[in-house]
Amino acid sequence: MKVLTFGWDFPPSRNGGLGVACYGLTRELATEGIEVLFVLPKKQETIGTPKFIFAGQEHKTTVIEVNSAIAPYHSGSSQVTSVIGYHSDGTPKYATRTMLDEVHLFAIQAAAIARTHQFDIIHAHDWTSYLAGVAAKKASGKPLILHVHATSFDQAASNNVDPSIFRIEQDAFNTADTIVAVSEFTRRIIIEKHRIAPEKIVVVHNGCDTFIPPVHDPSLKELKAQGKKIVLYHGRITIQKGVDYFVRAARRVVDVDPNIVFVISGWGDMQNQIIRMVGELGLSGNVIFAGALWEEERDRMYQTADLVVMPSVSEPFGLVPLEALQHGTPSLISKQSGVAEVLTHVLKVDFWDTDAMANQILATMRYDVMRTQLASHGRQEINRLSWREAAKKVVSLYKNLVNLIRA
Amino acid sequence: MLSVCPYFHVHQPYRVKQYRVFDIGNDTEYFNDGSETDLNNRRIIEKVANKSYRPTNKMLKELLDAHPEFRFALSFSGTALDQFEAYAPDVLESFQELVATGRVEILADTYHHSLAFFYSVPEFERQVQKHQKRIEDLFGLTPKVFRNTELSYRNDLAKWCEDNGYLGIMAEGWDKYLGWRSPNYVYSPKDCRSIKVLLKNYKLSDDVAFRFGNQAWESFPLRAETFADWVHAHHGDGQTVNLFMDYETFGEHQWEDTGIFNFLRALPSQILKHPDTSFKTPTETILSYDSTGEYDVPDVLTWADTDRDLTAWTGNDIQRDALAKIYALEADVMEINDPQLTEIWRKLQTSDHFYYMCTKWSNDGDVHAYFSPYQSPYDAYIAFMNALSDLQLRVADRVMKVRLKKQAAQEAKEKRAEARAKAKELAKPTVRPEPPLELVVAKVTIKMRIEAWLRHSHIGRKIWGLFHKNKK
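Going line by line, the protein sequences match chains A and B.
If you count by this note's numbering, then the first sequence holds residues 1 to 407, one letter each, in order.
If you count by this note's numbering, then the second sequence holds residues 1 to 472, one letter each, in order.
If we strip away everything but chain B, and leave its shape as in the complex, we get (with noise of 0.2 angstroms):
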């Protein structure tokens, strides 16, 4: 018995336009690029939609309805969702369509497609249960299984999500963590209980996703029966083949002329021929097998290049300084709690500008090895760094007006108090003030003695007697 589990990603970000420091104070539009250059984000969705998302899904619908047994699933980014639904609507509702058919299982992340759970978690959080809720309302349902942008991952945020109710996680089957075991089975991580992590098997999922219109591969080209064979290869060393890649490797990063498409139509019936082999989701997969170790990953895992780990965003000053100043603005934001702005905050948290920043391949001339919609790390850098310093001078004088309506709300606040505090104060009846004592003491004398004499002598009582006969 062996499964396979297919699993695609779904992204696009909102691009910073070519933001010069003449528009910082002057221009808040940061992502509207006009241009017929590839910052121009609806001009994006539209040629990707036509390459990739509009026969890719009419392809994954026409598997979906001929075969009973497939099934995959789908991670979304926030962002392309919202660009799908403003620049290409038919796209979203061909998701829907797929997703309707009950077998294919969406993924939880980040909204923003960011990596906020190394920088900042309560906003990571924030974005999580924002991701989760458009989910619910796009597509009826809750995503049970997380992955983190760019398959992030590290022993704690396994621990979150096992706090967090969610059923597992997903993860690169890197050999520095699985040492001389295979990525084809279910794993517990380290310090989990109940919840498991699918690992991804970059050999088969990469020979898909990277090198399948390569002419210099030996395998080259690559057909979905030799694929199929290689999966089957892992009958009886395995219970699941992961194969997970970018969504857009069907017509975008592999085009319709390598071949990509019949290779999709092909693959499903393929592995479906042996007998003894189905198609699962994450959450069935899981479900399905117990764990068979444990997944020690105590540094930061990721699905890029060689190195797997943080380094294409992390790697060098310009990115961590534009990941510190945004991040450092956090405080501020939710101080100011305007969900427009916060919106623009969270925007230029996407993964991707600091992506575009990266000159870990640029030391070896080889600056053409990756995909970037400026022209160089630097102008990345200056664009994102620009409109940042926008949308700082926004947040501080938002902030300042904030505080200031705060204050003078405290002040309005104690004002009244005060006034209140007042009134009562007048509201009071009035107490003659009693007199000094040796006063009272010397006139109490003088009165008590004349009562007493009246009272007591025999002159005194007629006299009283006299008063009060009278009165009654």
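If we strip away everything but chain A, and leave its shape as in the complex, we get (with noise of 0.2 angstroms):
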């Protein structure tokens, strides 16, 4: 079975939890014979092609660059400048567009490659290929899923969402054959605020790589030989992630124990607000910003950390906690998440609640007994999340579907 699959990003593009689903996924099907034909647009800042590591795979993986400067995470009108082409001396044409227009020109070309190629079904990951996904199956007549790994809602953390994408969303949706949710959380959404028919929306709740991965030297050691005690936020700074409400529980918990640091790798349309808050509460000497941190970097602080904590406003799903977990730290996620139907040895929160949140921080400092429980079964625990799992519901949604315009 061919598959072709739009999407924005893929490792080792430093973007966030979403390539790393798709990469994931797409390493999984591979290994259960779907052969699959991966649609990316082509980002200046990531020209040449993206490494894949598909663990002896590669042939059954053709990736197509479309000319498109789709960057995740921006909301329809923001600008987004890109080349467009190549002047006669080899300099580049820039244009500057929308994320809408972006989105649209994706699409353009989308149609025109299913029409050049051979698949029996899309799969369109996330609000930025919808469109595209919708056009490949105009163009072909094959059945479409849309992969919704966020809402407009999450990414607005309220209801004044972005109304051209919700409405890209809502049109896709209907026009979609099946709707792939990564969690009951977001299932739910797109029940109550797209007003889509429940059994339209499948659950396939993302996994996680269980190998063991190798240990580091640890970060932060002159802290550590203090006895500082380390908590790390990790992830992009901004509304939707609730690092606000994190800052605010760190007041609480410094309080009590000054000797607890707070980590916060990652970068965001937030991190000038959320610096100044740091000031305001007179926090300066408990809060560390590391920047952004990825690879070896961000293994090191995972390890290092004594616990990790992912206070989203608004989760889909969340990668952070079994990232986590993998690195044998413990996590306190919120409720507001899809990870948390899922996973049991975490710590839970309302992310709105931070005296909750700073009781539970510092009840992990306290009671090194049940810092051990919860990493070490926690870790079991991951171990049933593997993308295999999630790649075999989705393998089967193919088979239903194909089974089904066959009939």
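Hints listed in this document are in silico derivations from the structure and should not be mistaken for laboratory results.
It is possible that some hints are incorrect.
To be verified - From chain B, some residues computed to sit far from chain A (all C-beta separations above 12 angstroms):
(1) H234
(2) D305
(3) K325
(4) L341
(5) Y355
(6) Y378
(7) M385
(8) L426
(9) V431
Stated by the list, open to error - Distance condition first, Cα-Cα at most 30 angstroms in a straight line; then the derived BS3-like pairs of lysine-lysine:
(10) K406(B) x K422(B)
(11) K325(B) x K228(A)
(12) K392(A) x K200(A)
(13) K2(A) x K142(A)
(14) K406(B) x K393(A)
(15) K2(A) x K228(A)
(16) K144(B) x K61(B)
(17) K335(A) x K360(B)
(18) K47(B) x K58(B)
(19) K405(B) x K428(B)
(20) K424(B) x K335(A)
(21) K61(B) x K392(A)
(22) K61(B) x K47(B)
(23) K325(B) x K224(A)
Source: prediction; values computed, not measured.
Cβ atoms here follow ideal geometry from the backbone N, Cα and C, with glycine treated the same way.
Take the two lone chains and join them into the complex the hints point to.
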């Protein structure tokens, strides 16, 4: 079976959990015998074919790059500057377009690709590819699966959604044959906000890598040597992620135990606001901004931390606690996350309840036995959450849809 | 001849509120949740009283009045009795009315529904004594048959019961220890001569306690008539059918809409329909039948889940940690000897706290397989450990004061003794020190010579006589 897949981001491009999810799923689909034709919009900063590590299965995946400047996590009206071609002297031609223009451009290109390739089914990841998926369906008549990694409601962390993105979501959802949501949390949003029939939406929880990662030298050695405990936030610094609640909880924690240090790793549009907030709350001595950490640096920080906190206001899934557990570090996550549905051995809290968040952080630092158990049992728990399991569910969806068309 | 021995266990713990790290050292109330959640103990008692205790007691009283043959046993945790007294005194009165019929036996138990036997036998004994006193005060009778928390049982517990004058003890009739034998006979605990053990028929008991309202169960809906037939089927193959279950089965675990009350109402008459069937209390059962064999349980046996062991309370690290820490306070709490502080310590020993921390089923992803007022086992552990941390601080503080006081008392005592000794010393008659021996000898020699001269020489005697004559 051959699947035409649309996405915008693929490792090692450093954009966040969505690329990681596409990678994990695609890799396991290949081992399940699915041939994946992955279409990515070309992005100036990541010129060159993204590197794939498919453990000997590269031949089954072909990457097609399309000339577009889609960057994830932008609102529909935000301006994107991209290379649209080259002058005769070799210098690039730039054009500034909105995100929406890019999405539409991607769709036009998708239709052309769909006409020139052979495949059985279309799988489009996230809103930036929805229109591409819809265009490919219209061009080829093949069944369409939309994979919802997030909705406009998550990014806005409220009901003030970008109306143009919402419209794209709703139109695409209506056209799709099946919608895959990464959690029940997201499925409910699609049912309640987009008014899509519940039976059309299937939950496929994200997985995580289950191999044991290499152990690195710890970071923040001096702090550790002083007996300080480290609490880590890792993710974008944006309203959806609830970093402001994390900082408020930190204030409450430090009042009780000044030996706890909070590390914020990431970047985002709320960065300056958070830095100001840390200053205003008098937390400069207890909060470290580590910048965006990737790969080994990130792993090192996961391994150094005593606790990882994911305080998201609205998190469709949330890979952070799984990554943390992989490195043997327990997590505290918000109940407003999809991953809370599949994990038992984590601490859970309402993102807005900073008092409870502070209490749980302090308790984790006080009670070593609990910290050890959260890590060891959590480690066992994530073994059940492999990408293999997710891929198996997706394969059965593919088969159902293809059989339906044949029948 | 076949008898039926029903026994219902009444228990409510003092649930620990969401006690936070910030509260440690600032808040000494651990059990006073006032929220609309299931951590609010008063609210739970009121809810369960309405759903279970009040309607069930009313029905049990009617059944006792209607059937003079009807008998059963109850066991109460002291924590349940205390909460009835505080929040629903009419429930307590209705239990007293049942017992007043003389056909309801009360079993011995630990006051705080604890696992103390497995951690500290002296503390276990204190809780059993406290429980006995409470039952005597409330119901005017002394329990003769023992049951331990969660029906936990082991050979040495049975031995303890024998040594402490009980007639018998209750236990799960578990295949692993019964082998081919039936639970429907009376057995002797291993190494015991006088007492007997009554074994729960878990098949029939759990048909009511667990399966009754399960629509997927093949025997749903279970009618009293059918159930009585199952009981009667043991005629000729047993002496006693022991139906042990939580009292709250009626109306709380099995809601009214399952038909559980109609079942209960019809049960005694259906059981008694068979002419050779009777009801017996545990004591009557023990006195009626001889032991048919030995029940040998070297490891802890309970009535909980499919493992029938203590793993629901002690299976993971956080549970073992919490248990170890609460019992580690024993010596200090005993030294402080403050009834209020001891009571708080004991309320934290109630087995439910550790059950809420169970993660056994979580591994199967089935987190809702058990009932807990906390959202997760870790929330339960955090609340418990925070409250325990506060108690530890109080105990450490008090023990220091007690010791300082003792030390001060000891010092004062020593000082007094010293002072007394000094006074005694001063009161003694003063003795002039004896002069050195040579000097005495020298002096005496001169004196003696003069005296000898006076007494023995002629002139001397004359002089002596002169003096003495004058004196006369």
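Hints versus structure:
{"no.": "1", "hint": "H234", "in the structure": "42 angstroms, holds"}
{"no.": "2", "hint": "D305", "in the structure": "17 angstroms, holds"}
{"no.": "3", "hint": "K325", "in the structure": "9 angstroms, violated"}
{"no.": "4", "hint": "L341", "in the structure": "22 angstroms, holds"}
{"no.": "5", "hint": "Y355", "in the structure": "16 angstroms, holds"}
{"no.": "6", "hint": "Y378", "in the structure": "6 angstroms, violated"}
{"no.": "7", "hint": "M385", "in the structure": "5 angstroms, violated"}
{"no.": "8", "hint": "L426", "in the structure": "60 angstroms, holds"}
{"no.": "9", "hint": "V431", "in the structure": "70 angstroms, holds"}
{"no.": "10", "hint": "K406(B) x K422(B)", "in the structure": "24 angstroms, holds"}
{"no.": "11", "hint": "K325(B) x K228(A)", "in the structure": "25 angstroms, holds"}
{"no.": "12", "hint": "K392(A) x K200(A)", "in the structure": "18 angstroms, holds"}
{"no.": "13", "hint": "K2(A) x K142(A)", "in the structure": "11 angstroms, holds"}
{"no.": "14", "hint": "K406(B) x K393(A)", "in the structure": "71 angstroms, violated"}
{"no.": "15", "hint": "K2(A) x K228(A)", "in the structure": "53 angstroms, violated"}
{"no.": "16", "hint": "K144(B) x K61(B)", "in the structure": "23 angstroms, holds"}
{"no.": "17", "hint": "K335(A) x K360(B)", "in the structure": "22 angstroms, holds"}
{"no.": "18", "hint": "K47(B) x K58(B)", "in the structure": "16 angstroms, holds"}
{"no.": "19", "hint": "K405(B) x K428(B)", "in the structure": "35 angstroms, violated"}
{"no.": "20", "hint": "K424(B) x K335(A)", "in the structure": "78 angstroms, violated"}
{"no.": "21", "hint": "K61(B) x K392(A)", "in the structure": "59 angstroms, violated"}
{"no.": "22", "hint": "K61(B) x K47(B)", "in the structure": "21 angstroms, holds"}
{"no.": "23", "hint": "K325(B) x K224(A)", "in the structure": "28 angstroms, holds"}
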